[in-house]
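Undergrad: Order-wise, the sequence lines are chains A and B. Using the numbering used here, the letters of the first sequence correspond one by one to residues 1 to 116. Using the numbering used here, the letters of the second sequence correspond one by one to residues 1 to 112.
Hints were generated in silico from the structure; no laboratory data involved. One thing to keep in mind: the hints can contain errors.
Unchecked claim - Derived lysine to aspartate or glutamate pairs resembling EDC-like cross-links, with alpha carbons at most 20 Å apart: (1) B:69 - B:17; (2) B:104 - B:17; (3) B:104 - A:59; (4) B:57 - A:101; (5) A:41 - B:60; (6) A:41 - B:39; (7) A:41 - B:58; (8) A:41 - B:15; (9) B:42 - A:59; (10) B:42 - A:22.
To be verified - Derived contacts from chain A toward chain B, CB cut-off under 7 Å, selection only: (11) 43; (12) 93; (13) 107.
Glycine is no exception: its CB is placed at the ideal position from the N, C-alpha and C atoms.
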Amino acid sequence: GAVVSQHPSRVICKSGTSVKIECRSLDFQATTMFWYRQFPKQSLMLMATSNEGSKATYEQGVEKDKFLINHASLTLSTLTVTSAHPEDSSFYICSARVDGEGHEQYFGPGTRLTVT
Amino acid sequence: EDQVTQSPEALRLQEGESSSLNCSYTVSGLRGLFWYRQDPGKGPEFLFTLYSAGEEKEKERLKATLTKKESFLHITAPKPEDSATYLCAVQARGAGSYQLTFGKGTKLSVIP
Numbered sequence: 001g002a003v004v005s006q007h008p009s010r011v012i013c014k015s016g017t018s019v020k021i022e023c024r025s026l027d028f029q030a031t032t033m034f035w036y037r038q039f040p041k042q043s044l045m046l047m048a049t050s051n052e053g054s055k056a057t058y059e060q061g062v063e064k065d066k067f068l069i070n071h072a073s074l075t076l077s078t079l080t081v082t083s084a085h086p087e088d089s090s091f092y093i094c095s096a097r098v099d100g101e102g103h104e105q106y107f108g109p110g111t112r113l114t115v116t
Numbered sequence: 001e002d003q004v005t006q007s008p009e010a011l012r013l014q015e016g017e018s019s020s021l022n023c024s025y026t027v028s029g030l031r032g033l034f035w036y037r038q039d040p041g042k043g044p045e046f047l048f049t050l051y052s053a054g055e056e057k058e059k060e061r062l063k064a065t066l067t068k069k070e071s072f073l074h075i076t077a078p079k080p081e082d083s084a085t086y087l088c089a090v091q092a093r094g095a096g097s098y099q100l101t102f103g104k105g106t107k108l109s110v111i112p
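Just chain A, same shape as in the assembly (with noise of 0.2 Å):
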């Protein structure tokens, strides 16, 4: 149980366009579900904390228009990375938090971000 999933796993972009991620919760809902972003070597930094139904929460220094989260559903959250540029290229990972259940958060596997 508890299982993640991120849609794509790699993604090649030219700089200027943009770029759509999906975090599905396979087997459970999700009220919540986060944005993370990882560089290499480096750990997890929170970029934001999707909430369904309501507007995202967004850490301090995440331009928000830049990355747009949409929670439309109790097992589906977006992340849309805008007008993309090479500092953007990372690996972003979504993780969700059982309704109803403990405290932990289970992560999808990643999807790795390029942008040329």
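Chain A is already provided as a structure; the job is to place chain B on it using the hints.
TA: Frame of chain A; chain B shown alone:
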């Protein structure tokens, strides 16, 4: 501000050589402390949640313990497949959205 410090940054062990990883934390009221394992190019895999000082959890060769200031992940007779980065994270009481603050991790290499 919540802080998590993990040590050592990297650890090389011979197969069968037991050791411990440390996670020191400061948090304004601990709701939970979490251990994850992360393999290269993959998302973290949940291992343990600890809620109160004195609590211990075990899974195969891993045992996690918690005090009021730190947590240890003990690895007994490790095997090469235990090689990974181990991440520690804390969640503060009153964090309505259940956010986690992560340490930088300990990269464990187990040599056959």
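Undergrad: If a hint holds in the structure, say so; if it does not, say that too.
TA: Against the structure, the hints:
Proximity of residue 69 of chain B to residue 17 of chain B is assessed by CA-CA distance (about 26 Å); at most 20 Å being required, the pair is judged violated. A threshold of 20 Å between alpha carbons decides the hint, and for residue 104 of chain B with residue 17 of chain B the separation of about 23 Å lies outside it, so the pair is violated. Only pairs whose Cα atoms come within 20 Å are accepted, and residue 104 of chain B paired with residue 59 of chain A is accepted, the gap being roughly 18 Å. With a CA separation close to 18 Å, the supplied pair residue 57 of chain B and residue 101 of chain A stays within the 20 Å bound.
Note on residue 41 of chain A and residue 60 of chain B: the hinted pairing is violated, with a Cα-Cα distance of about 27 Å set against a maximum of 20 Å. Taking the CA atoms of residue 41 of chain A and residue 39 of chain B, the gap is about 12 Å. The hint holds against a cut of 20 Å. Using a Cα cut-off of 20 Å, the hinted pair residue 41 of chain A and residue 58 of chain B is violated, with the two alpha carbons roughly 27 Å apart. For the hint pairing residue 41 of chain A with residue 15 of chain B, the CA-to-CA distance comes to about 24 Å; that exceeds 20 Å, so the pair is violated.
Pair hint residue 42 of chain B plus residue 59 of chain A does not hold up; C-alpha atoms about 23 Å apart against a cutoff of 20 Å. Proposed proximity of residue 42 of chain B and residue 22 of chain A is supported: the alpha carbons are some 16 Å apart, at most 20 Å. A cut of 7 Å between beta carbons decides the hint on residue 43 of chain A: the least distance to chain B is about 5 Å, and the hint holds. Taken as an interface hint, residue 93 of chain A checks out: its beta carbon lies about 5 Å from the nearest beta carbon of chain B, inside 7 Å.
The closest approach between the C-beta of residue 107 of chain A and any C-beta of chain B is roughly 4 Å, which is under the 7 Å cut-off, so the hint is satisfied.
Going down the numbered hints, you'll see the structure goes against 1, 2, 5, 7, 8, 9, while the others check out.
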